[in-house]
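A.B. asks: Hints are included, so try docking the two chains, each in its own frame, into the full complex.
Quick mapping for you: the protein sequence lines, in order, are chains A and B.
With this note's numbering, the residue at position 64 of the first sequence is 64, and numbering never jumps.
Just remember that this note's numbering sits 1000 ahead of the position in the second sequence, which is counted from 1.
A couple of the hints might just be wrong.
Pairs of lysine-lysine, PhoX-like flavour, derived with a Cα cap of 20 Å [stated by the list, open to error]: (1) K1058(B) <-> K37(A); (2) K1347(B) <-> K1374(B); (3) K48(A) <-> K1195(B); (4) K1058(B) <-> K69(A).
Label pairs and their computed distance ranges (CB to CB) [as the list claims (entries may be wrong)]: (5) I1105(B) <-> M80(A): 21 to 27 Å; (6) G95(A) <-> D1093(B): 27 to 33 Å; (7) I1379(B) <-> M1(A): 31 to 37 Å.
Derived, one-sided and incomplete: chain B residues facing chain A with beta-carbon distance under 8 Å [what the hints assert, rightly or not]: (8) N1003; (9) H1049; (10) P1064; (11) I1149; (12) K1150.
Keep in mind the hints are simulated off the structure, nothing from the lab.
We put the CB at the ideal spot given by N, CA and C, even for glycine.
Letter by letter, the chains look like this.
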Amino acid sequence: MKRTLTCIECPIGCEIEVELEDGKVVSLTGNSCPRGKIYAEAEVVCPKRVVTSTVRAENGEMIPVKTDKPVRKDAIFEVMQKINQTTCKMPVALGDILVENICDDANLIVTGNF
Amino acid sequence: MKNTYDIVIIGGGPAGLAAAISAYDNGAKDVLILEREEKTGGILNQCIHNGFGLTRFKESLSGPEYAARFVQGVRERKIEVLTETTVLSLTKDKRITAINTKDGIFTLQAKSVILAMGCRERSRGALNVAGTRPAGIYSAGTAQKYVNIKGYMPGKRVVILGSGDIGLIMARRMTLEGAKVLAVCEIMPYSSGLKRNIAQCLDDFDIPLYLNHTITKIEGDKRVTGVVVSKVDENKRPIAGTEMHFDCDTVLFSVGLIPENELTKEAGIELSPRTRGAIVSQTRETSKEGIFACGNVLQVHDLVDFVSEEAEMAGRYAAKYVLEGKTEHDYVEVLNGKNVSYVCPQKVDKNLDEHVKLFFRVTNTFKNCIITAKCGDKILAQKKKQIAVPGEMETLMLVKNKLSEIDGNIEVSLEVQE
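So that you can see chain B by itself, here it is in the shape it has in the complex (with noise of 0.2 Å):
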């Protein structure tokens, strides 16, 4: 290890590993690695399942497949890797401190940072679920770390509060290793997962999907005894007379994920409300300069695919600022318009000569829509679609010669059609 990098990245998940082997591809040779786990890999490790890469390499690839490629990657371009290593700060001028029992604390200065922290999982703690606080509640994601790399079941019962597709994917998981479960609830009318694994998870074990329901007590002393269920109205309050409940000693919480924003908040960056991610031109730079971001420390994604497209785009992006030195922006906003309820990136910088790719979420499920992207009456991009939903997440591109026609702030939205 030395003290000054071109290029270090915090982070050796799926975008971490990304935006490495298309930084060193691009020319920057001088690259780090930091990494809080034993191996690099990032989620991708716990997720045994297969159904990733379907995008990228065009076949269903297990999570740990999917990792290997670019670990390899790393390795066959001989890109310095620390692992367990946690990074403690970072500052504005990409002063980097880290600890490891191997070197102690340690700072770093690089000439540029790529942020790929990941997210992590909102908690029973973010819903304020009534009830005791005994033994066997987890998040989804802990249990698949539980059962997928430690090789414990935490549980036999099993009630899963929320259906995004880690929630899912635990339901099969927890069932195929000899678990009941029991139910899963979600509070929204309609699933936060994609719908193959309603059906590849659910549907496959005849396990019970109760939409507009939600978990209102959770009972037991030591150890979970039992759930009380209700469904809710469309404000999301329990209706009375509705309970049911459920014997179990396990529950489960799939109820949505936060990018780790930590380091980048003390960084004195800006942050979107909206994605909870740093606010970033189409390059995924930050508002500060040399300062990149990319992954699910950005936007959640739902695909690991466009996680590593994303990263490969800031590495390369991040290679060029090293190279290059600072260059010119032009930047227009991206707003959300109506039916949107983010855009990223949330500023197009004009003076690139590039195809801009926008990724955003829309607010409800609409049948029959268009989406455009206008700046002005101008209408930019357009794409019909016959259905769009929250839980997945759309795209539009703006290819280049439209961006000269730009003169003001950019705004995407959704209609639905007559």
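Isolated chain A (complex conformation) (with noise of 0.2 Å):
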């Protein structure tokens, strides 16, 4: 099985082409750096995305945030509905943890100094 995958490692956007026999990759061709190697070999097994959104603060503020590492595309929606229901306290810095293991390993931390 052939599949086309766009390479979202960088703003280059490589079209990969992965060829899949009994779900292992064969062959992969179109990237232009190991990164994006890494990227297609991974997307067609489980597809991981960073998550970035926002918490509010219990001032009122919102505070952005992301997933220190990528997760699970399918459990995205999961991790956005802890992240509505999350909150801090003031002030938060840079790299500050909200909350460990949010979902695969990854923590969710801030990612701006308020």
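C.D. replies: Quick look at the structure:
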């Protein structure tokens, strides 16, 4: 089975062709860097994404957050639900962990200084 | 705050911050940044998604993370910043009048000015979309500010016009927050957004992208109740009989950005009709000596990494101007050749002994093409591309030892290879 993917690792957006046999990658073409290979190999087995969103702090301010690792694509809405139930006390700083292991070993971290 | 500064920077977004740091590090310590919003960082503060900084820092940062590195740099150097301060006017003699609630109206004299005001979004009014004028119509960036900074959802059922990156990013963002994005319509046969954003913002969430389609009617009395979307022909005119109706309560416009050059015009600085920014040399000096421009106020960039790079150049040359004074220039023009819609800088000073990076955009999608910068018959720089698209800025490097070969205007053009 052949699949064509758009790499999301950088703004170039390489079109990568992956050939699969019994769920295993037998050939991979079109990537222009090693990151593309890693992305495509993961994408055909278990697609993952970093989730970025906001958390409302106790004083009402919106705090930008992200998962510090990619999480399973099919768990994104579960993660969003948890994010929207989260709040935090001010002040917060870049890198502060708001939720440990929100999903797949990834933590929810703050991405700005407030 | 003093009355005079060596360098005053108008705008504390990514361009202004990088320009300030660069000016300082190149010897100009007397620098002031004027910023309209409550804090510096500009549009990056509301761009909470990741993907920034891959070129510059080799890692994927969110907008606030990218901004924080430059905010930190400005703080470490103790560069003076005035926030919540709006510049009202700029003269060609580099006198700046500004206003804020603490100091009232005040005037500053600068030896050099760096324009870093960024850009604003084209609005519905610029497109003449037919229909009523109900609530629920936003530019994509406004919606982004509501969701990410204010924490308000602008609507539940959304149609987006324009497939620029902000529109694509907002399609995903609204979806994540529980809205249903029914369609993204693009009048052109291609998206002006990055391919990875089509993949991760639309395809990931099964949001349909309608190319060669536009909104031909907005319906609703108090609030948007629906839109009519039509297919367009090759002249971008709606085709009768192709209408589709969508029930929606919100319409987002992501239909391009316009450099914010009101102050630039007032100072009598020459603008390019192509970029809608100032005409500059490779130093980013405008037609007025000692006034520089960088970032989206000069040319709308795709990537903030290039904004920072350009701003550092402007900052360095502004510092040089302040420290060394006026220098002799020997300009040649850079012309838009075949299949090239603009080149920035628009002129090159041959007296400078440094490589010159030309930024430009092509007019259409081209496959297997060759891009050349020429002076007469002499090839100054050339590169092959498998694909070139209008949505992605291209670059060519003129190496410095080629500059001495230039004896006339430079032309950048694209040829498709057979």
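A.B. asks: All the hints need checking, so say for each whether the structure fits it.
C.D. replies: Hint check:
1. K1058(B) <-> K37(A): Given that 20 Å is the threshold and the Cα spacing comes to 17 Å, the pair holds.
2. K1347(B) <-> K1374(B): holds (14 Å)
3. K48(A) <-> K1195(B): Holds. K48(A) to K1195(B) sits at ~18 Å (cutoff 20 Å).
4. K1058(B) <-> K69(A): holds (16 Å)
5. I1105(B) <-> M80(A): 21 to 27 Å: Violated - the Cβ-Cβ distance for I1105(B) and M80(A), about 46 Å, lies outside 21 to 27 Å.
6. G95(A) <-> D1093(B): 27 to 33 Å: Given about 46 Å between the Cβ atoms, the range is violated.
7. I1379(B) <-> M1(A): 31 to 37 Å: For I1379(B) and M1(A) the Cβ distance comes to about 46 Å; the hint is violated.
8. N1003: violated (32 Å)
9. H1049: Since the shortest Cβ distance to chain A is 5 Å, the answer is holds.
10. P1064: Cβ of P1064(B) sits 3 Å from chain A, so the hint holds.
11. I1149: At about 6 Å, which falls below the 8 Å cut-off, the nearest Cβ of chain A leaves the hint on I1149(B) intact, so it holds.
12. K1150: holds (7 Å)
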